[in-house]
Amino acid sequence: MFQDILAPVPASLLDSVREKDEPLLGNWLRVHDEIDGFPDWEDCQICIMGVLEARGSADFPQQADAPNAIRQHLYRLFPGDWHGLKVADIGNLYPGESRDDTFAALIDLLRDQLQRGILPIVLGGSHDLVYAMYRAYEYNDRTVNMASVDARFDLGKQEDGALNERNYLSHVILQKPYRLFNFANLGYQSYFNHPEERDLMERMHFDLVRLGELRSDIRLCEPIFRDTDLVSIDFSAMKSMMGGVVRHGPNGLTEEEVCALARYAGISDKLSSFGLFGLDAASPAASGMSLLAAQTVWYLIEGYCGRKGDFPLSDRGAYDRFAVLVEDSDDELIFYRSPLSGRWWMDVPVTLSETPDKKTMVMVPCTHDDYEQACNNEIPERWWKAYRKSV
Numbered sequence: 201m202f203q204d205i206l207a208p209v210p211a212s213l214l215d216s217v218r219e220k221d222e223p224l225l226g227n228w229l230r231v232h233d234e235i236d237g238f239p240d241w242e243d244c245q246i247c248i249m250g251v252l253e254a255r256g257s258a259d260f261p262q263q264a265d266a267p268n269a270i271r272q273h274l275y276r277l278f279p280g281d282w283h284g285l286k287v288a289d290i291g292n293l294y295p296g297e298s299r300d301d302t303f304a305a306l307i308d309l310l311r312d313q314l315q316r317g318i319l320p321i322v323l324g325g326s327h328d329l330v331y332a333m334y335r336a337y338e339y340n341d342r343t344v345n346m347a348s349v350d351a352r353f354d355l356g357k358q359e360d361g362a363l364n365e366r367n368y369l370s371h372v373i374l375q376k377p378y379r380l381f382n383f384a385n386l387g388y389q390s391y392f393n394h395p396e397e398r399d400l401m402e403r404m405h406f407d408l409v410r411l412g413e414l415r416s417d418i419r420l421c422e423p424i425f426r427d428t429d430l431v432s433i434d435f436s437a438m439k440s441m442m443g444g445v446v447r448h449g450p451n452g453l454t455e456e457e458v459c460a461l462a463r464y465a466g467i468s469d470k471l472s473s474f475g476l477f478g479l480d481a482a483s484p485a486a487s488g489m490s491l492l493a494a495q496t497v498w499y500l501i502e503g504y505c506g507r508k509g510d511f512p513l514s515d516r517g518a519y520d521r522f523a524v525l526v527e528d529s530d531d532e533l534i535f536y537r538s539p540l541s542g543r544w545w546m547d548v549p550v551t552l553s554e555t556p557d558k559k560t561m562v563m564v565p566c567t568h569d570d571y572e573q574a575c576n577n578e579i580p581e582r583w584w585k586a587y588r589k590s591v
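Residue numbers for the sequence shown follow the numbering used here, beginning at 201 and rising by one.
Hints were generated in silico from the structure; no laboratory data involved.
Hints are supplied without guarantee of correctness; some may be wrong.
Under the rule of at most 20 Å between Cα atoms (straight-line distance), these lysine to aspartate or glutamate pairs were calculated in the DMTMM-like manner [stated by the list, open to error]:
no., residue 1, residue 2
1, Lys589, Asp300
2, Lys559, Asp520
3, Lys470, Asp510
4, Lys357, Glu397
5, Lys376, Asp300
Please build the complete structure, drawing on both the sequences and the hints.
Next comes the structure, spelled out in structure tokens:
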């Protein structure tokens, strides 16, 4: 039903790969190409698509050319130990007559994949496409958690008006019905963000991890991804020495760090959509950054194949349980450790919309350090943040 709005992958990207008798991704993927047409994708676990839309970026419209630049390198990588995994590349979403048309088509396309349990990987395009990705979750009556790897909050100001890549988050927050429960910015750089924006984000109890914090201990991001539905990476968060990104600066993430973050995201049992944005396809250095983007996709898929299926649903008896009595507290703090992955959760009393008159214990992802902090008679900040969000 979506064949008319999706352009096939150009033959030039596939010919040189298919000439080689090797199990490269270009031969391994189910690709929407110009000869064989649209592939069978309904039974796939992961679906890759490009979105040739960058009208939300007044300064860098060449981001619309990034999807094929990424594929040029992605198709030449070898798959990992991904036995049984089915991945399709369904081509590029045509830009609509207006940007709203593109967004409407992307929402429909993503919503269909989410309902099928397929993980979509969106290759942008400008970062405001995340707004359409968020809107795709409107089909179900539940909250959504988002995380963005970005040097900037992209909150913008109320008077900024029309949606663009610098203010998309404010449009997400104000979109009715209000479904955004948590937002996390990973790797932000203070000098790129207005202090009032940071104050607002903290008042909303969002998770903010500065670049320095992330680089000193990248493991801080894993529990955040574990509780996130939608993850996006804006390559403006990379170091300028990489080149090939929009609005880069002298500080930022390294190649190894962005790949590690993608793997953390892929491991998350809750992650249901992922997007890459901010590539300057017209830059002389675009080839190197496009290769990094391709490797980022590879690590996301690698992480997906490493999922343990231990995302907590209802059976707490499947976990190792630890009770900690913190001084000056009336209640015990309850921690859980998965015997499958060794990952940690903790019980936090929250108010749910279904039961507004009472508190419900919800398992919140945490780390072993949080457990040790409780053992030292300190209530972890992660616990307080989750608790305050529901008050």
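Do the hints match the structure? See the list:
| no. | hint | verdict |
| --- | --- | --- |
| 1 | Lys589 to Asp300 | 32 Å, violated |
| 2 | Lys559 to Asp520 | 23 Å, violated |
| 3 | Lys470 to Asp510 | 10 Å, holds |
| 4 | Lys357 to Glu397 | 9 Å, holds |
| 5 | Lys376 to Asp300 | 17 Å, holds |
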